[in-house]
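Visitor: Keeping their order, the protein sequence lines are chains A and B. Residues in the first sequence are numbered consecutively from 0, following numbering that gives the first Met the number 0. Residues in the second sequence are numbered consecutively from 0, following numbering that gives the first Met the number 0.
Treat the hints loosely; a few may be bogus.
The list treats identical chains as interchangeable, and a pair is accepted whether it falls inside one copy or across any two copies.
Taking lysine-lysine and the DSS-like style, the derived pairs with C-alpha atoms no more than 30 Å apart in a straight line are [to be verified]: (1) 460 with 42; (2) 103 with 217; (3) 12 with 141; (4) 42 with 216; (5) 392 with 220; (6) 42 with 212; (7) 42 with 129; (8) 500 with 103; (9) 96 with 216; (10) 212 with 502; (11) 212 with 156; (12) 12 with 42; (13) 12 with 103; (14) 96 with 500; (15) 442 with 42; (16) 129 with 216; (17) 393 with 141; (18) 73 with 42; (19) 212 with 393; (20) 129 with 460.
Hints are computed from structural coordinates only; laboratory data are not their basis. Fair warning: this is a prediction, and the values are worked out from it, not measured in the lab.
The primary structure of each chain is shown beneath.
2 protein chains.
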Amino acid sequence: MSSLDQGSSSPLKRFQELTGQIKQYEEILGLVYWDMRTGAPRKGIAQRSEAVGALSSETFRLSTSSEMGELLEKLNEPEQLKQLGEIDRRLVEETTKEYERNRKVPPELYREYVVLTSQAESAWEEAKEKNDFPGFVPYLEKIVAINRQFIELWGVKTTPYDTLLDMYEPGLTTVELDRLFGELRARLVPLAEQIANSQHKPDTSFLEGTFDKEAQKKFSKFILNEMGYDFEAGRLDESVHPFATGLSPGDVRITTRYLPDDITSALFGTIHEGGHALYEQNINPELAGTLLCTGTSMGIHESQSRLWENMIGRSLGFWQRYYPDLQAHFPGQLDGVTVEAFYRGINVVEPSLIRIEADELTYNLHIMIRYEIEKMLFNENLDPRDLPEVWNKKYAEALGVTPATDAEGVLQDVHWSGGAFGYFPSYSLGNMYGAQMIDIAHKELPNLDQQVAAGELLPLKQWLTEQVYQYGKLQQPAEIIERISGKPLQSSYLCDYLENKYKDIYRLE
Amino acid sequence: MSSLDQGSSSPLKRFQELTGQIKQYEEILGLVYWDMRTGAPRKGIAQRSEAVGALSSETFRLSTSSEMGELLEKLNEPEQLKQLGEIDRRLVEETTKEYERNRKVPPELYREYVVLTSQAESAWEEAKEKNDFPGFVPYLEKIVAINRQFIELWGVKTTPYDTLLDMYEPGLTTVELDRLFGELRARLVPLAEQIANSQHKPDTSFLEGTFDKEAQKKFSKFILNEMGYDFEAGRLDESVHPFATGLSPGDVRITTRYLPDDITSALFGTIHEGGHALYEQNINPELAGTLLCTGTSMGIHESQSRLWENMIGRSLGFWQRYYPDLQAHFPGQLDGVTVEAFYRGINVVEPSLIRIEADELTYNLHIMIRYEIEKMLFNENLDPRDLPEVWNKKYAEALGVTPATDAEGVLQDVHWSGGAFGYFPSYSLGNMYGAQMIDIAHKELPNLDQQVAAGELLPLKQWLTEQVYQYGKLQQPAEIIERISGKPLQSSYLCDYLENKYKDIYRLE
Numbered sequence: 000m001s002s003l004d005q006g007s008s009s010p011l012k013r014f015q016e017l018t019g020q021i022k023q024y025e026e027i028l029g030l031v032y033w034d035m036r037t038g039a040p041r042k043g044i045a046q047r048s049e050a051v052g053a054l055s056s057e058t059f060r061l062s063t064s065s066e067m068g069e070l071l072e073k074l075n076e077p078e079q080l081k082q083l084g085e086i087d088r089r090l091v092e093e094t095t096k097e098y099e100r101n102r103k104v105p106p107e108l109y110r111e112y113v114v115l116t117s118q119a120e121s122a123w124e125e126a127k128e129k130n131d132f133p134g135f136v137p138y139l140e141k142i143v144a145i146n147r148q149f150i151e152l153w154g155v156k157t158t159p160y161d162t163l164l165d166m167y168e169p170g171l172t173t174v175e176l177d178r179l180f181g182e183l184r185a186r187l188v189p190l191a192e193q194i195a196n197s198q199h200k201p202d203t204s205f206l207e208g209t210f211d212k213e214a215q216k217k218f219s220k221f222i223l224n225e226m227g228y229d230f231e232a233g234r235l236d237e238s239v240h241p242f243a244t245g246l247s248p249g250d251v252r253i254t255t256r257y258l259p260d261d262i263t264s265a266l267f268g269t270i271h272e273g274g275h276a277l278y279e280q281n282i283n284p285e286l287a288g289t290l291l292c293t294g295t296s297m298g299i300h301e302s303q304s305r306l307w308e309n310m311i312g313r314s315l316g317f318w319q320r321y322y323p324d325l326q327a328h329f330p331g332q333l334d335g336v337t338v339e340a341f342y343r344g345i346n347v348v349e350p351s352l353i354r355i356e357a358d359e360l361t362y363n364l365h366i367m368i369r370y371e372i373e374k375m376l377f378n379e380n381l382d383p384r385d386l387p388e389v390w391n392k393k394y395a396e397a398l399g400v401t402p403a404t405d406a407e408g409v410l411q412d413v414h415w416s417g418g419a420f421g422y423f424p425s426y427s428l429g430n431m432y433g434a435q436m437i438d439i440a441h442k443e444l445p446n447l448d449q450q451v452a453a454g455e456l457l458p459l460k461q462w463l464t465e466q467v468y469q470y471g472k473l474q475q476p477a478e479i480i481e482r483i484s485g486k487p488l489q490s491s492y493l494c495d496y497l498e499n500k501y502k503d504i505y506r507l508e
Numbered sequence: 000m001s002s003l004d005q006g007s008s009s010p011l012k013r014f015q016e017l018t019g020q021i022k023q024y025e026e027i028l029g030l031v032y033w034d035m036r037t038g039a040p041r042k043g044i045a046q047r048s049e050a051v052g053a054l055s056s057e058t059f060r061l062s063t064s065s066e067m068g069e070l071l072e073k074l075n076e077p078e079q080l081k082q083l084g085e086i087d088r089r090l091v092e093e094t095t096k097e098y099e100r101n102r103k104v105p106p107e108l109y110r111e112y113v114v115l116t117s118q119a120e121s122a123w124e125e126a127k128e129k130n131d132f133p134g135f136v137p138y139l140e141k142i143v144a145i146n147r148q149f150i151e152l153w154g155v156k157t158t159p160y161d162t163l164l165d166m167y168e169p170g171l172t173t174v175e176l177d178r179l180f181g182e183l184r185a186r187l188v189p190l191a192e193q194i195a196n197s198q199h200k201p202d203t204s205f206l207e208g209t210f211d212k213e214a215q216k217k218f219s220k221f222i223l224n225e226m227g228y229d230f231e232a233g234r235l236d237e238s239v240h241p242f243a244t245g246l247s248p249g250d251v252r253i254t255t256r257y258l259p260d261d262i263t264s265a266l267f268g269t270i271h272e273g274g275h276a277l278y279e280q281n282i283n284p285e286l287a288g289t290l291l292c293t294g295t296s297m298g299i300h301e302s303q304s305r306l307w308e309n310m311i312g313r314s315l316g317f318w319q320r321y322y323p324d325l326q327a328h329f330p331g332q333l334d335g336v337t338v339e340a341f342y343r344g345i346n347v348v349e350p351s352l353i354r355i356e357a358d359e360l361t362y363n364l365h366i367m368i369r370y371e372i373e374k375m376l377f378n379e380n381l382d383p384r385d386l387p388e389v390w391n392k393k394y395a396e397a398l399g400v401t402p403a404t405d406a407e408g409v410l411q412d413v414h415w416s417g418g419a420f421g422y423f424p425s426y427s428l429g430n431m432y433g434a435q436m437i438d439i440a441h442k443e444l445p446n447l448d449q450q451v452a453a454g455e456l457l458p459l460k461q462w463l464t465e466q467v468y469q470y471g472k473l474q475q476p477a478e479i480i481e482r483i484s485g486k487p488l489q490s491s492y493l494c495d496y497l498e499n500k501y502k503d504i505y506r507l508e
């Protein structure tokens, strides 16, 4: 026991208490948001928002209090720091970073931003429904303007947009992302062209039809169970936009959406959110109740959702095991369809307008477009009013499609209404991290393919727990990928994986 | 505008803000409790309890802060008090009472108690399931011990138990309750005997059988709708123990329980909780967000649940209107049963073991037993370990029945696991308040019986809103009953009502 945690009033003990309290409030706020999105009565929302505002402000106040500042100053003294265990040291580091960032924001500006973004989400919903981009512009302009202010307050890293990127993927830069996306583009665009020219297009007609909702729900639960999702530490509900939320390792909730005419929405949505949930359920219990008890970055989080959704959930082996179960859940509906035909059907590649409906390959092009636009907004002062024009031009160039309306163009995603600039790259980072991890997993679990094809998914879950999940925020994204693979993040694993997969499906040379 | 609310730093304004914040935290805590009882994953409960402890403690801290003390001191100056409007004056009065009570409890003790009771509920559930009273004793002993400490800290009123009673029914004393229960006993025990000797026992065999859960759910929703429950300001879920919780007038949630072999459980449980909910949904919007926005006492709250459940929901008129609907929900199952036979069946009187399944008449005897036991616990230092023995003896004496297990005896109710000693009398108070109110309602709404028999329930809801609901905590229970009926609470209305009803059903002299 170090000298720092002697007695109830030691700085370390008080620091643990204070950060623990912040984590507890975050857990409660997480539950309130979950409730708002899964069935809270309409007429209570306005007052609930006020209550959320009050508790969020208190949480912000705690994290920027002068007490917190004094504690961090003491704990950051080199001699004190040396005495801390690994968890406490990392907690001090992470909290210091947050403290310094938050202290630079005047509380009134923070409050204005919280209220603005919570109103903007409804405004965005309405604008999307009515295809009314001009109606959303005033919100977007203010959100971008405040984010530009934040960047000034926080300090510009290399470029202004780098400051935002660092929030979601600590240490990530535009230089690095430009390189990674450049490499992806160089290999994936030609691949997409080869596919477009292939004569061997998968049949997808069997995916159309009406799929019983109760059967979809039952199958979703069955698959989550197979993945090792612990229903005693979570639950599955419905919401318009599927999400996962880790309130604590003992309470990680998933939502999905059952579309009567599209079986793939709930199926892959559930596996995707299930991947996020496995991460949060399997963080080392020693981190429970601390601010380190969550995924280390959005990119690593998306690596888990997208690895389970695509690399496992859209693999042939997976369906060799589970396709008969799926058929049994929808008697008669998939009778004439072989497992190979099903596999090819769920992996069809087609340039499309909507990111969340995109296939595994072109998905990365959707992300690239958003990345380029966000860079323009913050590094080139692009006027938000010009977004539709820029958006449509980029879609035409990269995917050869043009939205007929802004609703299916620039208004399609919720992210910007919440001010989440810098988040989108996480999805492609997730694809790259995931491919790099699964490559190593195949080496360390030589029977992985056979295991998946036999419905033995737990060895992979166990391996990912050991390599990724258990650490929570204890290790940075770059540390994790280097520890696992001996290398920094590379684009080649994802490109190799996609080329292999699609050469087979589309019978390419 | 008084001189007190000038400027943003006026004591009144700050007082409104501070009490508003307390109310907001209470709303959030209410949601967390609702979630814990309707499906929060088991493995997250321990950590959630800690988070609840943290937020409850903060709420407690706010309500006992020196800032609050200073504000109350200023606002309670006679000259200042005179200038306040009705709402603010009552808010100051209520907050002062809470402040003075809470200031006497050391924060550490409070926190310990919150964590203890939130763990004790799960422990009680398990003990009840396993019929393991000894497993629950350690919790009960601690809860009773801390309540004894609270009483010492708050100050003993006449007797220690009076101090607890006052929390649920302000101003109520054991002297008053001894008198009221004495009067009830004098008239209801002979009535129960006459009924036991009657040759005209209702047939209840048709209530046995298997009732489809989905149909029960549908009918529950239908009846709530008929009562004027607003589903845009609430929702109906399931829980082991039905409850209603008013988070705000725009979010008042109900739970019920569907038993496959007992149609009456969900039916009357839903109407009961619906009565609570009508109260909370119809509080004057001017009180929203203030600490006065809730029922004025547990007794008045129970008057609404039990009035709707029994005086309306178990009346012949009600079923003349709704019985055909009920029959239609369960095709064939009630074919040979007339509405009169159904009415008599759901009003059968029989001494039983379980309070929540008791008939309208003997229900009061169940309450009397709990009242006597609670008095023994706090006024005679009864050892909690002796509860099963005392419980079983009293049941044998008062009702002539003896529980075969503690699960159907002393472990049946959740209340004590939450430390709610002094709550039980509210149920019988509710029966008495309700009978007194409905007597006046019949005078002021001369067509009430015909309206109920025609399914016009909204005039009664409207009358109760005007007389009771709108006021929230703005008026005290005694003020309300005196304003409505011109008299203090009396036992005679309930006795008259029960005698009339059962003389008819059992064809008594």
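Visitor: As a check of your reading, is residue 42 near residue 212 (CA-CA no more than 30 Å) within one copy, between copies, both or neither?
Guide: Both ways: residue 42 and residue 212 sit 28 Å apart in one copy and 28 Å across, limit 30 Å.
Visitor: As a check of your reading, is residue 12 near residue 42 (CA-CA no more than 30 Å) within one copy, between copies, both or neither?
Guide: between (43 Å within a copy, 26 Å between copies)
Visitor: Check residue 129 against residue 216 for me: Cα-Cα at most 30 Å, and say if that holds within a copy, between copies, both or neither.
Guide: For residue 129 and residue 216, only the intra-copy Cα distance (29 Å) is at most 30 Å; the inter-copy one is 32 Å.
Visitor: Which holds for residue 12 with residue 141 at a C-alpha limit of 30 Å: within a copy, between copies, both or neither?
Guide: Answer is between: at 28 Å across copies they meet the 30 Å cutoff, but 40 Å inside does not.
Visitor: For residue 442 and residue 42, with the copy left unspecified, which applies at a CA distance of at most 30 Å: within, between, both, or neither?
Guide: neither (54 Å within a copy, 34 Å between copies)
Visitor: Quick one: residue 103 to residue 217, C-alpha cut-off 30 Å, is that within a copy, between copies, both, or neither?
Guide: Neither way: residue 103 and residue 217 sit 49 Å apart in one copy and 53 Å across, limit 30 Å.
Visitor: Indicate which option fits the pair residue 392, residue 220 if close means a Cα-Cα distance not exceeding 30 Å: within, between, both or neither.
Guide: Intra 40 Å, inter 49 Å, cutoff 30 Å: neither.
Visitor: When no copy is named, should residue 42 and residue 216 be tagged within, between, both, or neither for a Cα gap of at most 30 Å?
Guide: both (29 Å within a copy, 23 Å between copies)
Visitor: Up to 30 Å between alpha-carbons, please classify residue 96 paired with residue 216: within, between, both or neither.
Guide: neither (42 Å within a copy, 51 Å between copies)
Visitor: With 30 Å as the alpha-carbon cut-off, assign the pair residue 212 and residue 393 to within, between, both or neither.
Guide: neither (36 Å within a copy, 52 Å between copies)
Visitor: Regarding residue 393 and residue 141, is the shortest C-alpha distance of 30 Å or less found within a copy, between copies, in both, or in neither?
Guide: Close inside one copy (24 Å), not across copies (68 Å); limit 30 Å.
Visitor: As a check of your reading, is residue 129 near residue 460 (CA-CA no more than 30 Å) within one copy, between copies, both or neither?
Guide: Neither way: residue 129 and residue 460 sit 42 Å apart in one copy and 35 Å across, limit 30 Å.
Comparing the model with each numbered hint stated earlier shows that hints 2, 5, 8, 9, 10, 11, 14, 15, 18, 19 and 20 do not hold.
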